[in-house]
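Trainee: Sequence:
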Amino acid sequence: MKLILIRHGESEGNKNQEIYGWTDYPLTNKGLEQVKKMTAYLQHQVFHRLYTSPLIRAKYIAEQITQHINGLSIIEDPQLKEMNYGIFEGQTKEVVLLKYNQEYNLFMSQYETYSIPSGEGYFEFQNRVLSFLEKSLPGKDETFVIVTHGGVIREILTHLLHLAPGEVWNHPIHPGCIVEVTNQKGQWIMSEILQT
1 MKLILIRHGE
11 SEGNKNQEIY
21 GWTDYPLTNK
31 GLEQVKKMTA
41 YLQHQVFHRL
51 YTSPLIRAKY
61 IAEQITQHIN
71 GLSIIEDPQL
81 KEMNYGIFEG
91 QTKEVVLLKY
101 NQEYNLFMSQ
111 YETYSIPSGE
121 GYFEFQNRVL
131 SFLEKSLPGK
141 DETFVIVTHG
151 GVIREILTHL
161 LHLAPGEVWN
171 HPIHPGCIVE
181 VTNQKGQWIM
191 SEILQT
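The letter at position 191 of the sequence shown is residue 191 when you use my numbering, and the numbering goes up by one with no holes.
Treat the hints with caution; some may be incorrect.
[Stated by the list, open to error] Derived lysine-lysine pairs resembling DSSO-like cross-links, with alpha carbons at most 27 Å apart:
id, residue 1, residue 2
1, Lys135, Lys59
2, Lys59, Lys15
3, Lys15, Lys30
4, Lys185, Lys140
5, Lys99, Lys135
6, Lys99, Lys30
[Stated by the list, open to error] Okay, the calculated beta carbon distance ranges per label pair:
id, residue 1, residue 2, range
7, Pro78, Asn16, 18 to 26 Å
8, Lys15, Leu130, 25 to 33 Å
9, Glu112, Val46, 35 to 43 Å
10, Gln17, Leu130, 23 to 31 Å
Since the hints were made in silico from the structure, they are not lab data. Idealized CB from N, CA, C, for every residue including glycine.
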């Protein structure tokens with residue numbers, strides 16, 4: 001069984017270096033070019049299911065993939081949305097530090113227990129992603145594509161590869177990247193990373 005994890009291409013939020021999760025930014029021109037490269041890479045592979053976050057920056061990629069693969073339908077799942085950064089959403093780190101210095105420092109120092117006002121806590125986010133995984137893992141000879149966000153991909157990799165907390169940050173998950181993880185004899189192995 002195989003999971004192909006796709007992080008959306010560059011969005012306006014990435015370009016503006018903003019903190020964002022649920023803010024529904026579109027892709028930039030660079031992000032649209034990354035989508036072309038990703039779909040070219042994926043068009044000759046066989047998939048059994050295609051899941052996507054409902055946010056436009058991810059959903060657009062899923063729609064482009066289905067144009068090249070007949071008979072594949074898109075399954076939107078809100079559990080695949082990025083973490084909700086609440087009061088930090090849509091602002092640069094510099095602005096957040098000016099407006100919400102105490103909250104930002106609490107989040108950075110106590111991320112496992114602190115919930116961002118009007119957002120979600122790390123454990124809420126983690127439980128949401130793991131709940132998706134439990135109900136959606138592929139069968140023995142299946143390949144699933146998941147189009148989502150950097151934080152979601154990191155949570156999936158941490159869980160499947162049994163990584164120590166923070167270890168996943170050693171693996172770059174840039175906008176427009178594709179990560180393949182394969183289950184071989186009950187053990188998940190990261191088999192390929194494509195950066196577009």
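Trainee: Compare the distance between the alpha carbons of Lys15 and Lys30 with 27 Å, and conclude whether the hinted pair is satisfied.
Mentor: holds, 9 Å
Trainee: Going straight from one Cα to the other, do Lys59 and Lys15 come out at no more than 27 Å?
Mentor: holds, 19 Å
Trainee: Given the hint of 23 to 31 Å, check if Gln17 and Leu130 actually sit that far apart at their C-beta atoms.
Mentor: holds, 29 Å
Trainee: Check the hint pairing Lys99 with Lys135 against an upper bound of 27 Å on the C-alpha distance.
Mentor: The given pair, whose Cα atoms are some 39 Å apart, is violated under the 27 Å limit.
Trainee: Please verify whether Lys185 and Lys140 have alpha carbons no more than 27 Å apart.
Mentor: holds, 10 Å
Trainee: Hint says 18 to 26 Å; check whether the CB-CB distance for Pro78 and Asn16 agrees.
Mentor: Given a distance of about 24 Å, which is inside 18 to 26 Å, the answer is holds.
Trainee: Within a Cα-Cα threshold of 27 Å, do Lys99 and Lys30 meet the stated pairing?
Mentor: violated, 31 Å
Trainee: Has the hinted range 35 to 43 Å been met by the Cβ atoms of Glu112 and Val46?
Mentor: holds, 39 Å
Trainee: Please verify whether Lys135 and Lys59 have alpha carbons no more than 27 Å apart.
Mentor: Given that 27 Å is the threshold and the Cα spacing comes to 20 Å, the pair holds.
Trainee: Does the hinted range 25 to 33 Å hold for Lys15 and Leu130 at CB?
Mentor: Taking Cβ atoms as reference, Lys15 and Leu130 lie about 30 Å apart, which means the hint holds.
The earlier numbered hints that this structure contradicts are 5, 6.
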